[in-house]
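Once you have looked at the hints, place chain B on chain A.
In case you want the letters, here they are:
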Amino acid sequence: MNRYTWRTFILEAVMVLVGVLFFLPVYILVNLALKTPDDQSSPLSPVTNITFQNFSDAWSQANLGQALLTSAFVTVFSVLIIVAISALAAYPLARVTKRWSKWLFFVFMLGLLLPFQLALIPLYTTIRDLGLLGNPISLVLYYAGLQVPFSVFLYTGFIRAVPLDYEEAAAIDGAGPLRSFFSVIFPLVRPITGTVIILNVLHVWNDFLTPLLYLSGSNQQTVPVALFSFVSQYVSQWNLVFAGLVITIAPILIAYFAMQNTIIKGFASGLKG
Amino acid sequence: MSTADSQSLAVAEAAAPVPPVSRSTRKFTARRIGTVPWWFVVPALVFFLFVVLWPSVQGAAYAFTNWDGLSATKDFVGLAQFERLLKDPGGVGAVVHTLLIAVAITVVQNLIGLLLALGVHSKIKSRNILRVALFTPAVITPVATGYLWKYLMTPDGAINQLLGFFGLGALQHDWLGDADIALWSIVATVVWQFAGYSMVIFLAGLQGVPEDVLEASRIDGAGPFRRFWYVVRPELAPAITINLMLSIIGGLKLFDQVWVMTSGGPGTSTDTMSTLIYKNAFQFGDFSYGIAMALVLTAFVAILSTAQYKLLGKQGGTK
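Protein chains in written order, with numbering that gives the first Met the number 0: chain A, 0 to 272; chain B, 0 to 318.
Keep in mind that the hints were calculated from the coordinates and are not lab data. Where is the CB? At the ideal position from N, CA and C, for every residue including glycine. Hints may be right or wrong, so weigh each one.
[Stated by the list, open to error] With a cut-off of at most 27 Å between alpha-carbon atoms, the simulated DSS-like pairs for lysine-lysine come out as follows:
#1 B/Lys86 / B/Lys73
#2 A/Lys101 / B/Lys309
#3 A/Lys264 / B/Lys124
#4 B/Lys278 / B/Lys86
#5 B/Lys122 / A/Lys264
#6 B/Lys73 / B/Lys309
[To be verified] Derived list of chain A stretches under chain B, where covered just means 3 residues or more per stretch with a C-beta under 8 Å from a C-beta of chain B:
#7 15 to 21
#8 101 to 110
#9 131 to 143
Only chain A is shown next, with the shape it has when bound in the complex (with noise of 0.2 Å):
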């Protein structure tokens, strides 16, 4: 049953129809923005007339810049933070077999069930009584926390199939926990590290309901916030507001295309189970 047969050729074709189907979106996405705002021609054909004008103004008036290098910064050091603690309390949690060991993961694991509204309003509060609202480092300490039971989880999972044998090998010539982290485990998860890293970028920067709480009022903005009060602003410029929307998932999506295989296969490695 290796052979291309008829059936094959008919799976094909339904499939490359529902492919072209899911893509449109992104089709009419990309083509609006590249339209003047008085081309009255249908969503669906293609520009004729293309203008970089939207772009231009959608950059300067959305104040782009600044919300890509906010967005940058935090989603830069959030997941450096989440990758560096999750890792490290893995280790622990999927080698020691004491009780402590259980119990600790539980409550890491019970993180996964709170929804997160829960918490929100009062870590709100917490954040604006130590003065933090509009910093971005709040920001960064909250995905932090946020974070950490999923990633744990992760790398627990992962650690745990790691055989001893090297750091057996490791602890004969003399190296304490620390470097055995650091030169056996951390190398050996790489896999894992790379479906922690995907998953909380794009978490990181696609979140909308957080910063848009932390970081209201203030002049530092992430993406997806700019992106809201810029739509707000120029609500029915459809051309003006998808050159914002292209400009600021462009890097996500050439990130992604220029990653693609890696980029699926981090993402389903660590999570089908």
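Showing chain B alone in chain A's frame:
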């Protein structure tokens, strides 16, 4: 190593002096392996306590007060906030909408994701590019996809144009302006965005399906449905579990797309727990009412997760 072994070893060790080098090495490794220092968890635990656990405990407590988020004083009001929620049609509506969204997204997104995965996991030539194309929406900022679909769903937008073009004018709607279907329009947007997400996780599970068993069952005359149920499904169990978990959690906390597309409207027809908590706490200054809602949501998450765990646990869903 059995207990008897280790005992006899200990006895032998105590009785006959072992060469010092090998002895210390053995003890050394035994001590090192299995006793990774506990303080490795401290940094993660500190962040977790500060951001998740402690505010959640605070939240659970504030739900029984009349705190407005600003004043220093708060009074214990018992279950008053929950009684308010029960009598508030908007509040009950938000609970119902949230559950509807979570269930609809979980079922539809995973079904489509599974079908896409089965379609792509085949001999078709376009499988690689399809995999990339179908996953693309999942990486786009939900605020952006929300605006994109808001535009597509306007009365004279691309969807109605397409329907008109294919002679399906009767199906044209004001997708987001009609209170009866706005909720489902939002669900469709979310499913479009994340079906590829589910697909990729299912695909990873499908890699583990043994080809020879599949081939053998085909020779034995098993149809495609029996082959799926008896050969493929058991291998997919972990992927099903993780997919259900992710979509339930995602559905229950849905905010971005709703806020961008309808802000809960028309009327209150698409208000979710998240949008109502946001409105109550940050627009109306009614913090403890918002928190009471969050506590109710917590209960639902706990019930749904337990139900799913029990259900899938039986069929060996967690490896």
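Tested hints:
1. B/Lys86 / B/Lys73: 23 Å, holds
2. A/Lys101 / B/Lys309: 21 Å, holds
3. A/Lys264 / B/Lys124: 19 Å, holds
4. B/Lys278 / B/Lys86: 18 Å, holds
5. B/Lys122 / A/Lys264: Satisfied, since the Cα-Cα distance of roughly 19 Å is no more than 27 Å.
6. B/Lys73 / B/Lys309: Distance of about 40 Å is beyond 27 Å: violated.
7. 15 to 21: Our answer is that it holds, as 4 residues pass the Cβ test (under 8 Å) against chain B, meeting three.
8. 101 to 110: That given contact holds, which follows from 5 residues of the stretch 101 to 110 of chain A lying within Cβ reach (below 8 Å) of chain B.
9. 131 to 143: holds (count 3)
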